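**Q** Residues per chain, in single letters:
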Amino acid sequence: MPETRNWRQEIARALGEDVGKRSDVIDEIAQHVDARYRSLLARGVREEEAYRDALLELNEPRALASEIRSIAPSLPPRIEPAESASWRFLDVLRQDIRYGLRTLRQSPGFTFLACLALALGVGANAAIFTVVNAVMLRPLPFADPDSLIRVWESNPSGGWPTFSASHPNFLDWRATSTSFDGLAAMTNASLSASGPSGADIVRANAVTADFLPVLGASPVMGRNFRADEDRPGGNTRVAILTYAFWQRRFGGAGDVLGQSLILNGNPYTVVGILPPSFAWGTPTLELLVPLAPNPERSRGDHRLLVFGRLKPGVTIDQAHADLSTIAARLAKQFPDSNEGWTVRLRTFYDWLIPDETRRSLMIMSGAVALVLLIACLNVANLLLARGASRQRELSIRSALGAERWRIVRQLLVEAMLLSVIASAFGLAIGYGLVQILTWAAPDGLPRLDEVTMDGRVLAFTMGSAVVTGVLFGLLPALQVSRPNVSETLKLGTAGAGGSGSRQRIRSALVIGEVAISVALLIGAGLLIRSLWRLQQVNPGFRHENVVTARIHLPSTRYQGGAQAWSFYERLLDRLVALPGVQSVATSSGVPLSAGNTSSEIHIPGAPVREGGTALGADWRLVSPGYFRTMGIPLRGRDFNEHDTTESEPVTIISEEAARRYFPGADPISRMIHVRSFANKPSRIVGIAGDVRGASLDSDPGPMVYGSSKMYSGWNPMHVAIRGALAPDAYVASIREAVHSIDKEVPFFDIRSADDLVAESLGPRRFNMYLLTCFALVALLLASVGLFGVMAYLVSQRTRDIGIRLALGASRTDVLRMIVGQGLVLAALGAVVGVAAGYAMTDLMRGLLFSVTPTDPATFIAVPLVLIVVALIACYVPARRAMKVDPLVALRTE
Amino acid sequence: MHARILDRELKKGSAELLILSLVEFRPRHGYEMSQIIEQRSDGAVRFKVASLYPLLYRLEKRGWIIGRWVEKAGQRRRRYYRITPEGRRVLAEQRLGWDRFVAAIKRIVEVGNA
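Chains as they are written, first to last, in our numbering: chain A, 1 to 893; chain B, 1 to 114.
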C-alpha cells in the first residue's frame, strides 16, 4: 500500500507546468525520491515521516526547475531499449578489467611482488614443460614412429641382455622374418678424409640400402644406395652426405653429385644429399656409406645396430615371437656361436627415451609444479592481507545491492589479470631458462636438439595462467566478499572483526608452503647425498694428469697388424720423450667411455656349466705400460716386449674375472680361452684391479686384457699419456708427434681422464642442480610467506603486546612469544613436509645411488635448515614487536 | 554561515570530478551516486536532487557521460549514466588539477606560519 505513492504528481506539481511535461526528467527524479522513501521505510521509519523526508530530497524546487528549464531544450528525450544480455556481459567484463588494472596500479609493491613470484613459478614450469614436450610428448621425428622397432641380440644368462647383431645373423633375420616391411642395419664407421689441414676424421655410418626407406627418409638430392652397392664385392664406394656436411665441405655446390671424396685413401662418389631435417644419430654425423653385410663374417662378431618397420597389423609381440623362433633355429644350426642367443625388441620410443630419463623428467615436472603452487599460496596470502583494507569499499557495494557473486567475479577478474600479466613475463623467463637448460644439460638427454618452445608450450602456459589465477584468487575472493556487511560498515577501520578466521586461513596457507618446500628440500637433499656418494666411488684407476686421444689408422695404408704396431711403437717412443711425460700406452678402450667390446670365454678344464651357456667378459687390447699409465693396480706381471706373436699367448684378467671364474684359486699361470683373442688359449700372467667400465654407478664386470702387440690391427685405438703437465699442454705435442710419423693419420677425441669421470657424473649432477634450485626457490618463497604472516600478526596484535608490556612483561618475553608462534607454524609445516617426503620415497628410488630413500641424515638435516630459516624470517617482525611502545599501542584503536 | 558557503564553493569546484569518477568503471543511476557520495564522505558531502540532476544533465549535454534507461529483471526501469571517452579524458585532467591544487594548499598551509 505505501508503494503506490504517486511521486510523479507531487514532483510535477513542485516543479511547475512546463517542466512537468518532461516525463523523462520527472520519471528520473521520481525514482530518486522513491528510492529514498523505500530505504527509510526499510530502516524502520514510520510511513508518514518517510514520505515527508523523501520529499525533502526535492530541496529548492524553484532552483531545480529553472536549471532544468535552461538545459532541458537540448536534452533529447531518449527512451532506449534495455541492453542485450551478452552486450552487458562483455561490457561489465571490460569494466571489471579496467577497474582491476587500476587497483593493481594503485598498489605497485603488492603487484610487483605477486607478479615476480608467479612469473618465476610459471616460467620454471614452462621451461620444464618445453623439455618434457620435446623429449616425451612430441612424436619422434620419423615417419610413423610407432611401427619402428629396435632389435638386439640377447644373451641374458651370459650377462648381455642387449647386444649388437652379427652380419650373418642379421642377414638370416632379414631373409626369413615375415613381420617386417624392412629390416635395416648400421654401424659406426670412422673414416679418415684428407683435408687441407692434414687428415681429418669423418663421422660416418655404414648402412644397408633399406636404411633410409625403413626410416621413411629419402635424399633431397640424388638417390639412395642401390642393392648392388650394398653387397660385398659390389660397388660400395659411394656416399650420401648429410646436409650440414654438404654445406661445410662443398659449400652447398649444386653439382656435388658425382663428385669424388677420398675416404680411407679410396675415392668415394657422392650419390645423394640428405635433407636438413634428417634426424638420425647425432648432429655430428657427416655421411652414410654402404654397409654391405657379409654372410662370410663371423657369427660371433657382434657389431650391427638393427631396426625394422613392422608390417601393418603386426604387433611387436608377434614380431618378437617371429624373430625368437628364427634365433632358436640358428642356435641349433650354429651352436658354437649362437647357443644361448635370442632376440630383444623395443619400440623406438622405449629405446630412445629410456625409463630413467622419463622418470627424472616426471619428477622435475612435479617439483616445479609444487614451486608454482607455493607461489600461488603466497599470492593468496598477500591477497587476503590486502582484502582487509578493501572490506569497506566492498561492503558499500554489497549494501547497494551488488550480489556477492558480482563482487567475487570482480575479485577473480583482478586475480586473473595478475595471473595473465605474470604469465606473460613467465613465458619470457621460461624462454631464458630453456636456453640455460639446453646449454647445461648432460649429453645423454635424448632429443636435446629438438627442444624448442612451440604452440603446445604456449597453450600450456596460458592454461596454467588460468588455473593459477583461480587457485590463488578464489579463496581470498570468497573470504573477502563474505556478507558481514553491517559489522564492517559500523566499524571505522579495516576489518579487525573478520581477522580471526582470516588469520587462521593465512596460517594454514603458510603451513602448506613450508610443508611443500620441506618435501622438495628432502628430495634435493637425497640427490645431493647420492651425487656425493657417487663421487666417492673409486673408479679403479687414477684419473689425474692423464690425457687420452683416439687414433684411426687408414686401412689402405696400414694393412696388417705388423704395420699398425710399428706405427704405435714409434708413436709411443716419441710421446714418452715429451717433457713431463711419465708413462704412455695404447688401448682399444679407456674406462668410462662408450664402446664396449665383449667376448665369450672358456676355462679349459673347468666343469661344463648347466644349460651349456657360455661365460663372458669384456675385453681390451692394451700395450705394455697401460696399467702403469692408467694407475690400475696390477698383480703378477704386465705385458712386455717378449710377448710377441711367436711366444706363448698371454692374458691379464681383472679381479672380478678372477673371483668369478677361479673362485678360491690363484689364476696366475692358469689357461684361459678368449674367443676374441684369435680363439686360442692363453696363459694368465697378471691380475689387474677392477675398473668401472661403463659408468661409475654400475659394478665392474669381469675384464680380460690382451696385448695390443699380439693382436694388433684394432681400429681406432686410444692413446693414453700420464704426465706432470696439464692435459691441454699436451694436445699440440701429440698432434705433432702423430703427424711427424704420418701426416695422413687423423687423431681426435682428446680428453683428460678427469673429464671422463666428470662426464659420467653429468646426468646425476644435472638432476641434482635442478632439484636443488627448485627446492631453494621454494624455501625462499615459503620464508617470505612466513615473514608476511608474522609481520601481519604483529601489526594486528600491537594493542595486545602493548598491554602485556604495560603489565610487566619484558621485551624478551614478547620476542619469545612472537618467535614461538612463528616456530610453531614452521614446525607444523615441517612435520607435514617430512611426512610427505616419506610418502614420496618410492618416486625417488630410481634416481638414488647408494642412499636409501629414507636416508636419516637428510630427513634430520632438512628440518634443521628449515628451523634456522624460519628463525631468520621471524626475526624482523619479532624485533618490531619488541619495540612496541605500550603507551602508543594502548592509545590506538 | 561561512561553512555553508565554503562547502558550496568547494562542492562546485569538485562536483564534476566526483560524478565522473563515480562512473569511471561502471554505469550508475542518480540515487546510487548520491548514496555513495554520502557514505564515502561519512556524511560530509550530500548531493540532493536539486544539485545532482542538473549536474548530470549538464555533463550529458557536454558529452562527458551518456544516460540510458535500463530495465533489469524484477525492477522498474532506471536511468543509468556511463562515462564516454571524452569524459575519461576530462576526468584525468581534472584529477591532475585537483591533486596539484590540494598539494599546493598543503604546502602553503603547513610550512610554518611565518
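In case anyone wonders, no lab produced these hints; they're calculated from the structure.
There may be inaccurate statements among the hints.
Claimed, not checked - For lysine-lysine, the following DSSO-like pairs were computed, each having C-alpha atoms within a straight-line distance of at most 30 angstroms:
| no. | chain 1 | residue 1 | chain 2 | residue 2 |
| --- | --- | --- | --- | --- |
| 1 | A | K332 | A | K311 |
| 2 | B | K48 | B | K72 |
| 3 | A | K332 | A | K680 |
| 4 | B | K106 | A | K21 |
| 5 | B | K61 | B | K72 |
| 6 | B | K72 | A | K21 |
| 7 | B | K61 | B | K48 |
| 8 | A | K21 | B | K61 |
None of these values were measured; they are calculated from a predicted model.
**Q** If a hint holds in the structure, say so; if it doesn't, say that too.
**A** For each hint, the structure was consulted:
1. K332(A) x K311(A): With Cα atoms ~27 angstroms apart, K332(A) and K311(A) stay inside 30 angstroms; holds.
2. K48(B) x K72(B): holds (25 angstroms)
3. K332(A) x K680(A): holds (24 angstroms)
4. K106(B) x K21(A): violated (48 angstroms)
5. K61(B) x K72(B): holds (25 angstroms)
6. K72(B) x K21(A): holds (26 angstroms)
7. K61(B) x K48(B): holds (20 angstroms)
8. K21(A) x K61(B): This hinted pair holds, its Cα atoms lying about 20 angstroms apart.
The structure is inconsistent with hint 4 alone, although it conforms to all the rest.
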